[in-house]
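A.B. asks: Note that the protein sequences, when read in sequence, are chains D and U. The numbering of the first sequence is the working numbering, which starts it at 10 and goes up by one. The numbering of the second sequence is the working numbering, which starts it at 905 and goes up by one.
These are computed hints drawn from the structure, not numbers from a lab. The reader is advised that the hints may include incorrect statements.
Quick list of in silico lysine to aspartate or glutamate cross-link-like pairs, EDC-like style, CA-CA up to 20 Å [to be verified]:
id : chain 1 : residue 1 : chain 2 : residue 2
1  : D       : K610      : D       : D579
2  : D       : K660      : U       : E1045
3  : D       : K115      : D       : D701
4  : D       : K181      : D       : E312
5  : D       : K660      : U       : E1048
6  : D       : K945      : D       : E769
7  : D       : K889      : D       : D139
8  : D       : K71       : U       : E939
9  : U       : K1068     : D       : E854
10 : D       : K660      : D       : D579
11 : D       : K660      : U       : E1043
12 : D       : K889      : D       : E854
13 : D       : K317      : D       : E405
14 : D       : K186      : D       : E405
15 : U       : K994      : U       : E1065
16 : D       : K188      : D       : D318
17 : D       : K630      : D       : D536
18 : D       : K660      : U       : E1065
19 : D       : K889      : D       : E405
20 : U       : K1068     : D       : E725
21 : D       : K453      : D       : E649
Looking from chain U toward chain D, a few residues come up when the C-beta cut is under 7 Å (computed) [claimed, not checked]:
id : residue
22 : G960
23 : C961
24 : Q1019
25 : R1036
What follows is a set of in silico ranges between Cβ atoms, one per label pair, in the way DEER data are often shown [claimed, not checked]:
id : chain 1 : residue 1 : chain 2 : residue 2 : range
26 : D       : V284      : U       : T928      : 34 to 42 Å
27 : U       : A1044     : D       : R930      : 19 to 27 Å
28 : U       : A1044     : D       : S599      : 58 to 66 Å
29 : D       : D219      : U       : T928      : 33 to 41 Å
30 : D       : E405      : U       : A1044     : 47 to 55 Å
31 : D       : E249      : U       : A940      : 44 to 52 Å
32 : U       : T928      : D       : K660      : 45 to 53 Å
33 : U       : A940      : D       : V284      : 24 to 32 Å
34 : D       : R930      : U       : Q921      : 58 to 66 Å
35 : U       : A940      : D       : S934      : 44 to 52 Å
Cβ coordinates follow ideal geometry from the N, Cα and C atoms, glycine included.
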Amino acid sequence: VTARRLVGQSVRRNEDARLLTGRAQFVDDVQLPGMLHAAFLRSEHAHARLRGIDFARALQRKGVVAAFAADDLGDYWKPGPLLVPPPPIAGLEFNHAAQVPLARGKVRYVGEPIAVVIAESRYIAEDALDDIALDLEPLPAVVDMERALAADAPRLHEQFRSNLAAHVKQGKGDYEKAKRKAHRVISRRFHYDRGVAGAIENRAVVAAWDASNEEMTIWDTTQAPIPIRNGLAAMLGLPESQVRVIAPFVGGGFGPKIMMYYPEEVVIPWAARKVGRPVKWVEDRRENFSATTQERGQVHDAEIALAKDGTILGVKDVFLHDTGAYDPYGLTVPINSQCTLLGPYRIPNYHSEFTAVFTTKPIVTPVRGAGRQHGVFVIERLLDIAARELGIDRVEIRRKNFLRPRDFPHDHQIIFQDFQPLVYDSGNYEPALKMAAEMIGYEKFVREEQPRLRAQGRRVGVGIVAYIEGTGIGPYEGARVTVEPSGRIRLATGVGTQGQGHFTSFAQIVAEQLRVECSEVHVVTGDTRTFAWGTGTFASRGAVVAGSACHAAAVAVREKAIALAAKLLDVRPSKLEVANGRVFIRDNPSRGFTLAELAQKANPLRGAVTPGSEPGLEATKYFGPSRGSTASGVHAMLVEVDAETAMVEIKRYVVVHDCGVQINPMIVEGQIQGGVAAGIGNSFYEQLVFDDGGQLLNASLMDYLLPTAMDVPSIEMGHLETPSPLNPIGAKGVGEAGAIPTGALFAQAVEDALSGTGVEITEIPLSPGRLFTLMTERRQAGPRPDSTERRGTRGRALRLEGEYDFERSPAEVYETLLDPDVLASVMPGTKRLVREGDRYSGVMEVGIGPISAAEFTMQVDLEDQVPGESYAMRIDARGKLGFVSGLATVKLAPRADVIGTRMSYTAELQVGGTIAAVGQRMLDSVSRAMSAQGLKALDRQIRARAVGARA
Amino acid sequence: VYHGHFGRVSHHPLPDQVHAISLTVNGQAVERSVEARLLLSDFLRHELGLTGTHVGCEHGVCGACTVLVDGEAARSCLMFAVQCDGADVKTVESLGTEAELHPLQEAFRDAHALQCGFCTPGILMSLVPFLREHPSPNEAEIREALSGNLCRCTGYANIVEAVKRASTPAVK
Chain D
10 VTARRLVGQS
20 VRRNEDARLL
30 TGRAQFVDDV
40 QLPGMLHAAF
50 LRSEHAHARL
60 RGIDFARALQ
70 RKGVVAAFAA
80 DDLGDYWKPG
90 PLLVPPPPIA
100 GLEFNHAAQV
110 PLARGKVRYV
120 GEPIAVVIAE
130 SRYIAEDALD
140 DIALDLEPLP
150 AVVDMERALA
160 ADAPRLHEQF
170 RSNLAAHVKQ
180 GKGDYEKAKR
190 KAHRVISRRF
200 HYDRGVAGAI
210 ENRAVVAAWD
220 ASNEEMTIWD
230 TTQAPIPIRN
240 GLAAMLGLPE
250 SQVRVIAPFV
260 GGGFGPKIMM
270 YYPEEVVIPW
280 AARKVGRPVK
290 WVEDRRENFS
300 ATTQERGQVH
310 DAEIALAKDG
320 TILGVKDVFL
330 HDTGAYDPYG
340 LTVPINSQCT
350 LLGPYRIPNY
360 HSEFTAVFTT
370 KPIVTPVRGA
380 GRQHGVFVIE
390 RLLDIAAREL
400 GIDRVEIRRK
410 NFLRPRDFPH
420 DHQIIFQDFQ
430 PLVYDSGNYE
440 PALKMAAEMI
450 GYEKFVREEQ
460 PRLRAQGRRV
470 GVGIVAYIEG
480 TGIGPYEGAR
490 VTVEPSGRIR
500 LATGVGTQGQ
510 GHFTSFAQIV
520 AEQLRVECSE
530 VHVVTGDTRT
540 FAWGTGTFAS
550 RGAVVAGSAC
560 HAAAVAVREK
570 AIALAAKLLD
580 VRPSKLEVAN
590 GRVFIRDNPS
600 RGFTLAELAQ
610 KANPLRGAVT
620 PGSEPGLEAT
630 KYFGPSRGST
640 ASGVHAMLVE
650 VDAETAMVEI
660 KRYVVVHDCG
670 VQINPMIVEG
680 QIQGGVAAGI
690 GNSFYEQLVF
700 DDGGQLLNAS
710 LMDYLLPTAM
720 DVPSIEMGHL
730 ETPSPLNPIG
740 AKGVGEAGAI
750 PTGALFAQAV
760 EDALSGTGVE
770 ITEIPLSPGR
780 LFTLMTERRQ
790 AGPRPDSTER
800 RGTRGRALRL
810 EGEYDFERSP
820 AEVYETLLDP
830 DVLASVMPGT
840 KRLVREGDRY
850 SGVMEVGIGP
860 ISAAEFTMQV
870 DLEDQVPGES
880 YAMRIDARGK
890 LGFVSGLATV
900 KLAPRADVIG
910 TRMSYTAELQ
920 VGGTIAAVGQ
930 RMLDSVSRAM
940 SAQGLKALDR
950 QIRARAVGAR
960 A
Chain U
905 VYHGHFGRVS
915 HHPLPDQVHA
925 ISLTVNGQAV
935 ERSVEARLLL
945 SDFLRHELGL
955 TGTHVGCEHG
965 VCGACTVLVD
975 GEAARSCLMF
985 AVQCDGADVK
995 TVESLGTEAE
1005 LHPLQEAFRD
1015 AHALQCGFCT
1025 PGILMSLVPF
1035 LREHPSPNEA
1045 EIREALSGNL
1055 CRCTGYANIV
1065 EAVKRASTPA
1075 VK
């Protein structure tokens, strides 16, 4: 019997049947008897002093059980912990400001929770939010990073002297000296802007307090159930054994679901104990755009010094990192940027320095890639520009500067996010570059196809970039493998799953050792009752670290089974073989035991467990890597840019990846394809747009564009395996890899397509609109505006226009239109409207999509009145949700065919504040719907009046 | 959860006022009294316990909540339960079981067309009527059909592959 390798096979996933039939449990699926529902009152201002809150009206509403603000939490109210303290880097400056369960004294970003309402249904809880009287004194927002650091900038955190969150310098060699020797020095400013993780499942927490057993059970969409359990137990004053945290199926993580502790995670269990009933909170999509952490606003001033042949002599990079309103995650993201910039290259002299800045925006923590994108973008862009200026091929300049196989392990002499020196364990980069160039047909494209297509006026380009990814960091994970007396094999581990296929890849590792089918291994993850030690699923570490623990535990169980069988059969262990769920004598296969029999015999009702042995066929093992393993890869892509619309079409996308030994190639390819899709979104579709007031202007999936099946091509993949020496499997992480180099690749390929036009791309994300602007600017040869300024709009423009036919004369229509009573009845949401001379004033109540309705005080001045023909209205409406202002003109003309009037109207409006946050499309569709609704009502009024007048 | 519709004019509904509805859900007759504002998605998930229908955006973009209403794909987050009075509603629970998957579900498993699986029920329910009307679609048609559903994990390639497998069994 030969041992069948399971590791390395594309095994179908054990978890899929449950997911496909809708029977897998997600947190929002938890339904408990007597369960209440929570809704959070969130700040509508980016920065404000909190002066008072009054729940009186809210508590009167039928179905409302309780409402709490910061002061109600008593001693339970505490700022969150510092998750990752700053690494041991000399001269490092770090100011820690933690998020709090509910705001006290001040709010520092739009969406920061201020209070929570607990009610019989989510509908009622949300109704009650509108009943809360809140006294906020707005303070100036701090949006732009450079302005945030100015001496006179408003401060977010009074305990610090400025908005500086951290300042860190790392480096090696002597960059200035290298620069003096350089043949060419290239410097540029690079921008990388914010996006969301965009998991399709929003966050959710359900908590149930069992008073009789003094036990708290929490279902949480977290990537780190065990640390959440440990922290909440401490906060709740309970033993860890009395708190059970379950991360069931989680609908996508991508980083933000590991943040600790979200305010909602802290408040909901407390509230459940306080009211004595289970409480559920489910984040809605609009909340997700501000209440869930985000990533990647950085501005880099970077410089590269080169020899004439393109050899890198040194790199200098000074950058700003936007950490948002608080910095609970420490310096993980900017340290990753700092380290990953070095890439697969030999860079003998490096000066890197960053300043992290507090801004009145949502909190920044790792999102798939976690700062690595920025580093890759900067070094790859510098190499592209260097290649162009030195007349060297883009593939060649990379090849020339790669680390060679003999350079490993390679010590970069700086500190990585795991506090260990940045040492690459292994790698072999040149074959990946060669393979990717061949797969995409780089040579032929550049030599033949591009010139031919160019001649036809088509803007086609190729890009090729290399990157590394530090993966699989410690501290440790554990696993327990149990063979039950039934023969059923159970595997428990602490890391949760958000779609990575742990139910399968971990099962493969165990099944291979115990020589059973993968489907026979039943995996439990993410339940602290089942496995209580570990950290979580992040930093591309699940398969590497937890996978290695599964391996160790399975090996131990196999050895235990062999030892027991050897004893029972009275043979030497080396004579035994394990196959098909049995342990037997190799030369006499009929003599042996099934694993089930051995499990029974390992737990006897009579007979002693001998000293030094343990009952049961079970083993628990832990694995902690000495440091992270370094995965690497090369991405290449062919694009075509539409010269008229600036739309980019991806013609082909090639990935050559080296993540060491692959446990399940099908899952690895899935991770890469999905990572690239996220990278494409990040590069060309997704960007969070904040106005000067810190208000997010595109907080809906109508305006924040996640890529669809029309935007993401099927990727062609090549694999290389350079096993990691740092774990028994030889694996390296793969979860984030796809997303990391895409921005750099997009920039290079698009720039190549536009070569000759002078367009240079130094920012991500792009968009068709932004690219169009860049192309137009170059055509007009105007100055390049500073791209940090380009988002500085006050609100959104809203243009409405249309026509409507009435079957009454212009004079009748004109008169009716100006009647305040008629207007009040036809304008949706009007509560009061009075006319004094040419001024109307009144109150209107409007809500849009996910935003609850609120009152606006409006004032409308009539101008340019020509009775029976035309007039204009200057509109100004303000309320706690924002403002609408602008000019509307109305023209009336007799209709030629019938007795009647054709009314045409145009309105040019500015919309700002919270109502603008739903984004342009929703504003457009809602205002169109409201106009249509109003016009129909007006038509009815005009008919009714005219009939009345005639009668 | 948001409890309104575009451009609504009042946020003070009358929670006590309920409406009797009767409909068929996955072949079973259902009669309930519901508030007018209760979304179909919340009705299916929380009144009937059919939690396979997922909710991702509640403004009709992500498609995770897609179900069949009288045979056509519909976003259950953009409909009220009262609108389905008299209707025939089918959710993902009406397809296969774990032991016996629907051929489309089988194709999804074979092609690794799901990762976290949260968006998957909505994608399946969008594809059921699509494949009924396009038994042998080409790739462009498949991608267009999928463009109303967002998936953040897979990058869509394997979903496209699964639809190809489900639509042309001979190629299996």
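A.B. asks: Against this structure, judge whether each hint is valid.
C.D. replies: So, going through the hints one by one against the coordinates:
{"no.": "1", "hint": "K610/D x D579/D", "verdict": "15 Å, holds"}
{"no.": "2", "hint": "K660/D x E1045/U", "verdict": "18 Å, holds"}
{"no.": "3", "hint": "K115/D x D701/D", "verdict": "19 Å, holds"}
{"no.": "4", "hint": "K181/D x E312/D", "verdict": "15 Å, holds"}
{"no.": "5", "hint": "K660/D x E1048/U", "verdict": "17 Å, holds"}
{"no.": "6", "hint": "K945/D x E769/D", "verdict": "51 Å, violated"}
{"no.": "7", "hint": "K889/D x D139/D", "verdict": "11 Å, holds"}
{"no.": "8", "hint": "K71/D x E939/U", "verdict": "15 Å, holds"}
{"no.": "9", "hint": "K1068/U x E854/D", "verdict": "50 Å, violated"}
{"no.": "10", "hint": "K660/D x D579/D", "verdict": "66 Å, violated"}
{"no.": "11", "hint": "K660/D x E1043/U", "verdict": "15 Å, holds"}
{"no.": "12", "hint": "K889/D x E854/D", "verdict": "11 Å, holds"}
{"no.": "13", "hint": "K317/D x E405/D", "verdict": "14 Å, holds"}
{"no.": "14", "hint": "K186/D x E405/D", "verdict": "26 Å, violated"}
{"no.": "15", "hint": "K994/U x E1065/U", "verdict": "25 Å, violated"}
{"no.": "16", "hint": "K188/D x D318/D", "verdict": "15 Å, holds"}
{"no.": "17", "hint": "K630/D x D536/D", "verdict": "17 Å, holds"}
{"no.": "18", "hint": "K660/D x E1065/U", "verdict": "18 Å, holds"}
{"no.": "19", "hint": "K889/D x E405/D", "verdict": "58 Å, violated"}
{"no.": "20", "hint": "K1068/U x E725/D", "verdict": "18 Å, holds"}
{"no.": "21", "hint": "K453/D x E649/D", "verdict": "16 Å, holds"}
{"no.": "22", "hint": "G960", "verdict": "4 Å, holds"}
{"no.": "23", "hint": "C961", "verdict": "4 Å, holds"}
{"no.": "24", "hint": "Q1019", "verdict": "3 Å, holds"}
{"no.": "25", "hint": "R1036", "verdict": "19 Å, violated"}
{"no.": "26", "hint": "V284/D x T928/U: 34 to 42 Å", "verdict": "38 Å, holds"}
{"no.": "27", "hint": "A1044/U x R930/D: 19 to 27 Å", "verdict": "25 Å, holds"}
{"no.": "28", "hint": "A1044/U x S599/D: 58 to 66 Å", "verdict": "60 Å, holds"}
{"no.": "29", "hint": "D219/D x T928/U: 33 to 41 Å", "verdict": "39 Å, holds"}
{"no.": "30", "hint": "E405/D x A1044/U: 47 to 55 Å", "verdict": "38 Å, violated"}
{"no.": "31", "hint": "E249/D x A940/U: 44 to 52 Å", "verdict": "47 Å, holds"}
{"no.": "32", "hint": "T928/U x K660/D: 45 to 53 Å", "verdict": "48 Å, holds"}
{"no.": "33", "hint": "A940/U x V284/D: 24 to 32 Å", "verdict": "28 Å, holds"}
{"no.": "34", "hint": "R930/D x Q921/U: 58 to 66 Å", "verdict": "33 Å, violated"}
{"no.": "35", "hint": "A940/U x S934/D: 44 to 52 Å", "verdict": "22 Å, violated"}
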